[in-house]
Amino acid sequence: MAEEKKLKLSNTVLPSESMKVVAESMGIAQIQEETCQLLTDEVSYRIKEIAQDALKFMHMGKRQKLTTSDIDYALKLKNVEPLYGFHAQEFIPFRFASGGGRELYFYEEKEVDLSDIINTPLPRVPLDVCLKAHWLSIEGCQPAIPENPPPAPKEQQKAEATEPLKSAKPGQEEDGPLKGKGQGAAAADAKGKEKKAPPLLEGAPFRLKPRSIHELSVEQQLYYKEITEACVGSCEAKRAEALQSIATDPGLYQMLPRFSTFISEGVRVNVVQNNLALLIYLMRMVKALMDNPTLYLEKYVHELIPAVMTCIVSRQLCLRPDVDNHWALRDFAARLVAQICKHFSTTTNNIQSRITKTFTKSWVDEKTPWTTRYGSIAGLAELGHDVIKTLILPRLQQEGERIRSVLDGPVLSNIDRIGADHVQSLLLKHCAPVLAKLRPPPDNQDAYRGEFGSLGPLLCSHVVKARAQAALQAQQVNRTTLTITQPRPTLTLSQAPQPGPRTPGLLKVPGSIALPVQTLVSARAAAPPQPSPPPTKFIVMSSSSSASSTQQVLSLSTSAPGSGSTTTSPVTTTVPSVQPIVKLVSTATTAPPSTAPAGPGNVQKYIVVSLPPTGEGKGGPPSHPSPVPPPSSSPSPLGGSALCGGKQEAGDSPPPAPGTPKANGSQPTGPGSPQPAL
Amino acid sequence: MAALAEEQTEVAVKLEPEGPPTLLPPQAGDGAGEGSGGTPNNGPNGGGGNVAAAAAVAGGRRADGGTPKPVVAVSAAAPAGAAPAPAAPTDAGAPHDRQTLLAVLQFLRQSNLREAEEALRREARLLEEAVAGSGAPGELDGAGAEAASALLSRVTASVPGSAAADPPGTGAPGAAVFSASASGPAAPGKVGSVAVEDQPDVSAVLSAYNQQGDPTMYEEYYSGLKHFIECSLDCHRAELSQLFYPLFVHMYLELVYNQHENEAKSFFEKFHGDQECYYQDDLRVLSSLTKKEHMKGNETMLDFRTSKFVLRISRDSYQLLKRHLQEKQNNQIWNIVQEHLYIDIFDGMPRSKQQIDAMVGSLAGEAKREANKSKVFFGLLKEPEIEVPLDDEDEEGENEEGKPKKKKPKKDSIGSKSKKQDPNAPPQNRIPLPELKDSDKLDKIMNMKETTKRVRLGPDCLPSICFYTFLNAYQGLTAVDVTDDSSLIAGGFADSTVRVWSVTPKKLRSVKQASDLSLIDKESDDVLERIMDEKTASELKILYGHSGPVYGASFSPDRNYLLSSSEDGTVRLWSLQTFTCLVGYKGHNYPVWDTQFSPYGYYFVSGGHDRVARLWATDHYQPLRIFAGHLADVNCTRFHPNSNYVATGSADRTVRLWDVLNGNCVRIFTGHKGPIHSLTFSPNGRFLATGATDGRVLLWDIGHGLMVGELKGHTDTVCSLRFSRDGEILASGSMDNTVRLWDAIKAFEDLETDDFTTATGHINLPENSQELLLGTYMTKSTPVVHLHFTRRNLVLAAGAYSPQ
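First to last, the protein sequences are chains A and B.
For the first sequence, position 223 matches number 223 in the UniProt record's numbering, and the numbering has no gaps at all.
For the second sequence, position 412 matches number 412 in the UniProt record's numbering, and the numbering has no gaps at all.
Just to be clear, a hint being listed does not mean it is correct.
[Claimed, not checked] Below 25 Å or equal to it, Euclidean Cα-Cα: the simulated DSS-like pairs (lysine-lysine) are:
hint: 1; chain 1: B; residue 1: 449; chain 2: A; residue 2: 48
hint: 2; chain 1: A; residue 1: 78; chain 2: B; residue 2: 522
hint: 3; chain 1: A; residue 1: 48; chain 2: B; residue 2: 453
[What the hints assert, rightly or not] Some, not all, of what chain B presents toward chain A, calculated at C-beta under 7 Å:
hint: 4; residue: 244
hint: 5; residue: 446
hint: 6; residue: 464
hint: 7; residue: 473
hint: 8; residue: 501
hint: 9; residue: 567
hint: 10; residue: 778
[Stated by the list, open to error] Computed beta-carbon distance windows for the label pairs:
hint: 11; chain 1: A; residue 1: 116; chain 2: B; residue 2: 619; range: 35 to 45 Å
hint: 12; chain 1: A; residue 1: 298; chain 2: B; residue 2: 227; range: 33 to 43 Å
hint: 13; chain 1: B; residue 1: 525; chain 2: A; residue 2: 66; range: 56 to 66 Å
hint: 14; chain 1: A; residue 1: 84; chain 2: B; residue 2: 259; range: 44 to 54 Å
hint: 15; chain 1: B; residue 1: 712; chain 2: A; residue 2: 139; range: 19 to 29 Å
hint: 16; chain 1: A; residue 1: 32; chain 2: B; residue 2: 259; range: 46 to 56 Å
Derived by calculation from the structure, the hints in this document are not laboratory data.
Glycine is no exception: its CB is placed at the ideal position from the N, C-alpha and C atoms.
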């Protein structure tokens, strides 16, 4: 407050050189030093006077920041004509120039071509003022809604975590007689608490951490139950809502320990059971938690990282590794780990280096299965270009040999083949952009072969593509206003019809479309999960209107690169994030998924593919193999029963550990049609 | 010149309500002031201004527009001085007017307002005066100038009691000053001196600084005094320390005036750190003032020169000081004490540091004790009796004590209640009030019905707060008001618009166009419904008309009108039936910071950068009263619930209470350490709460004229204050993005009103503001611009979201 501020008076005056410069600009060449001095004094005084008047306008305008218009009004008070041309600029950049022993600050005035202005499209009309009501307080308690600031800001959560003795306990505070105090009061409380620190501890040589009470109110318990059920349930709409809530609600910090346990335990159980769908749901919860800006997650990273890492490198994540797309889960989790590293890695906890070590170790090991190998590489690749450069590129040759031996060699096992294939495309995808940056343009097949061995030629072509892509992107970025900074990994869940001629899991769409596609296959999931980016709403799908809805998706994905799988590394590119959505939704008649893979014959499925607009003549559903009934036929009773079966299945499965995600309680999704994903 | 500074400036127009039977007379003066002494002008423009001059300036300016309107047309006695400017030139034949005109021209010339001068002259067709008047000020030949000034003195001498300075003068907004004919104690002898010094020149004002000592000795003087005070007994030290700041300022100004720039600078450097931190804003102004030339037109400097800094010191301490100064032969300081300071000596114990700190901080020191002695009728007016179906009539009187009502006494009092008159209430017809219309009665009935459903608030039952956030306002929200029945919200914006929202499902409808109206069957029962235009009904209506940010907005109690005040110097009255502007009240000429309707409608008050508050009636384009006396901008204005008083909060860090009846200042409250930005009366009319940029809320007992509480907690300007409908809770909203609720009952309950405290005004503030704080509610980076309690005691808060 005012009492604490120390008066700081400045006797700043303009340098007399400024006067000279101004005089020169007016055509007065010789001006006496004395005159300059007098002028500076006078001008400085007037400027101060005007600034003081302008402050008045700022205060009356109920602002904290002085604006140019305040100065104008102050000038008007003095009957001085205001300065024109400085309006509506948030910030006027002053340029600095020096030379000839002089230093100048000036405001650059650009010459504007009128025709340019006329020809540029008009900017969007700013939104009009509107009025929005919310409850700031209900009978003395401040509800934890997004409109209100978080009950405990991150700083406080951090203080609690690091200095438990000093900070106020939010739980206790709420129990106090003065309910609903905001953090302003909390600060005061903290002071009070410090004073009345337990006298017992005062003389003790060590200080005990006081017992903290983690009691959830009934509402919070209900919320927790609802949210966790929705997150792992079968209703995609509910899940989207729940994830959105996790990602945005400000009042979750008290439930954070529970969520953390829920996730880690859930992963532990479901990895054993190879329940791919639930693992995906859990990873999406992690993502949502990470997205919530009000949570201080550092305290729980130690629980979350192992869970996420498990989902990357686990040997087996699904029941039928040959069919199900567990690769997408690994990609998604790898991205999560990269995000965790970016946010939480410090010099003291060394998260990134520890993670890198883990990945490298499992990759280097000769006996590592292809799945784990894929995960390790994906995890490393997501960590950024530097990591790719130092850890992946040197091993490309070796890895290429290994892949070749599997792909070209005698067919030992289909699973190995698939794995090697995936690893190869993964390497190409991630290494090409890096190489494109590292190596000078002429891309020579032979040079690549020499350097990278058997992968060389492929790599070379990918690098060429990457270069073209980069150029294209540069243009597109200029053109489009759509920039999505955070890539939204898209996971789609579906059930594979049969191990047919297609590459299992990965849907190869016609070459012209050549878009990265991720399809997840699962025996159980009824509805395709979608990523949980709260603010974007770009996927609306239903069985009947798939065509139109895909259009919607496409309209957003126009900026996505049209070529190959080389550019989907979302961390590095700015545009690509909107990935085409491919959904395969099954309505299995009898699917006892936990026991055996569904028989190929009794599976119905249909696929909805979103395609780029450039791809001509491709319809979504028609591009798929035959056993696809028209989407309209999907609302069959079978679908419903299948879902129910799935649900029961989850209930029947071995009693899960406390906090394990259970699918019960969720509603079967209508008539088995794919739910609106988001 | 000493005479000049002697008067406090809270002089206002004396008006008797005996003119028209129902309402206040719009015309100025009743001639009561004949023969009384003129009160010298304390305004920054010096003594030179007078009403005519001011009016002429305005008139001259407006002459181009063709709509001459007198700006300051209120004056006590003199017909000549009071004549509005446009009248003066047209009746140039009358000797009085002629003289006035000359005086005006002279004034204009000296103020370098050539344009206005020429316009005026053109209008008056005073070609013969061109000889004396034309040409640059410097070319004035001696004789002409002499003649003019002689004339001028005659004018002023013959027009005692008319003096006003209008801000346009030198760019220094001046407090317009009028003679309070009856109350002005100035002796007739002073009139002469006034006339002599009637040059609106700073040098006259500054003349007291002419005497000078050795500039190098100033530091010594000051540090000598400092040493003396610091070595004095503890009980005196705190009191005597009050001297530091005014002495420092005056010594510095003397140095600057006598052009000892370097000495002044080093003096400032050396001692500015000693001053109390709440003076830092003024110190900042002073620090930039380093040359004699700067002093011309510097408001702060003129404030110091023209008003005496008031100190309250016990007799013992004063004797001590006097003895010391005489011993040391320290004439320099003694002169300053004599000439620029007003020492209010009281008998009894010296005050403690805390007691002093609570009361100081204003631009011109504390209020004199006698300033707060006059009686104030703070009680509520008797509510007119209305036949209400429910017998739960009239609750207001019940809450007089600000205590929670008990069921029992209420039942008992119903019968006698309406007859009983509050002993503290003013006579019912002290201020003529408009008659109640049928619609008003209906509204009152509604109000009473709502009242029965009102939540009884208390520390255990806090109100809910509904926050109205203005989104996409781009920092442009400058004023908000909510109707009493909470159905409409008005926002004033920096882009000059006023927007009115309906927050109920009922949309805003305007009356149909005239052509459509003629088609309506006027005999039908629902004619009032039929005249409304359903097609254009919307939730939001935008009112265009101002040409600058809208700083004040106020709904009329009957919701038919909306007032808005703006940077463009006007107050506008909007109809909420047609959503058009009805009147633009011009008079302030400078930004109008606030405006508010009287609780009974019809009257409204406005206050602005020109340092005066004005009382208006909606059907008069000229103000009825001008409340002059503040030394800086009037930031906020509020009506007392009984409509007999107006409170103004100012940037000079004082709050003043003005009597609407006679325009007198009846209370001066000092104690804030920053410009005051919010005011509110308690519903029972006994208390006033004020909030300032220092983040503190101060509570005042109006009847006793005492500070009774201090609420600390906010960390930034308190922009809005409001009592709950029964006065149990005080809500405050601030720029620090919080709404805080305070226990008002507790704040007022252990209020000791023993005779000593009342007599001396020495209060001991309880340090209990943390206990009084009932709740703090953070918003998401939304400063709380307005607060409102609905009739059921739900809090509505409003502010514009300002993304970081």
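Here is what the structure says about each hint:
1. Annotation: proposed proximity of residue 449 of chain B to residue 48 of chain A is violated, straight-line Cα distance about 56 Å (limit 25 Å).
2. With a C-alpha separation of about 54 Å, the suggested pair residue 78 of chain A and residue 522 of chain B falls outside the 25 Å cut-off, and the hint is violated.
3. A distance of roughly 55 Å separates the Cα atoms of residue 48 of chain A and residue 453 of chain B; the hinted pair therefore is violated under the 25 Å criterion.
4. With a cut of 7 Å, the hint placing residue 244 of chain B at the interface with chain A is violated, because the nearest CB-to-CB distance is about 14 Å.
5. A cut of 7 Å between beta carbons decides the hint on residue 446 of chain B: the least distance to chain A is about 22 Å, and the hint is violated.
6. At a threshold of 7 Å, the smallest CB-CB gap from residue 464 of chain B to chain A is about 5 Å, leaving the interface hint in force.
7. A least Cβ separation of about 5 Å between residue 473 of chain B and chain A falls short of the 7 Å threshold, and the interface hint therefore holds.
8. The restraint placing residue 501 of chain B at the interface with chain A holds, with a minimum CB-CB distance near 5 Å, inside the 7 Å limit.
9. About 6 Å separates the beta-carbon of residue 567 of chain B from the nearest beta-carbon of chain A, less than 7 Å, and the hint is met.
10. Here the hint on residue 778 of chain B is kept, as its CB sits about 4 Å from the closest CB of chain A, short of 7 Å.
11. Between residue 116 of chain A and residue 619 of chain B the Cβ separation comes to about 55 Å, which falls outside the hinted range of 35 to 45 Å.
12. Checking the proposed 33 to 43 Å range against residue 298 of chain A and residue 227 of chain B shows it is violated: the Cβ atoms sit about 57 Å from each other.
13. Our hint of 56 to 66 Å for residue 525 of chain B and residue 66 of chain A holds, since their Cβ atoms are close to 57 Å apart.
14. For residue 84 of chain A and residue 259 of chain B, the Cβ-Cβ distance of about 37 Å falls outside the hinted range of 44 to 54 Å, so the restraint is violated.
15. Checked against the given bound of 19 to 29 Å, the beta carbons of residue 712 of chain B and residue 139 of chain A, roughly 25 Å apart, stay inside it.
16. For the pair residue 32 of chain A and residue 259 of chain B, the beta carbons lie near 20 Å from each other, so the given range of 46 to 56 Å is not met.
Hint compliance for this structure: hints 1, 2, 3, 4, 5, 11, 12, 14 and 16 are broken, all remaining hints hold.
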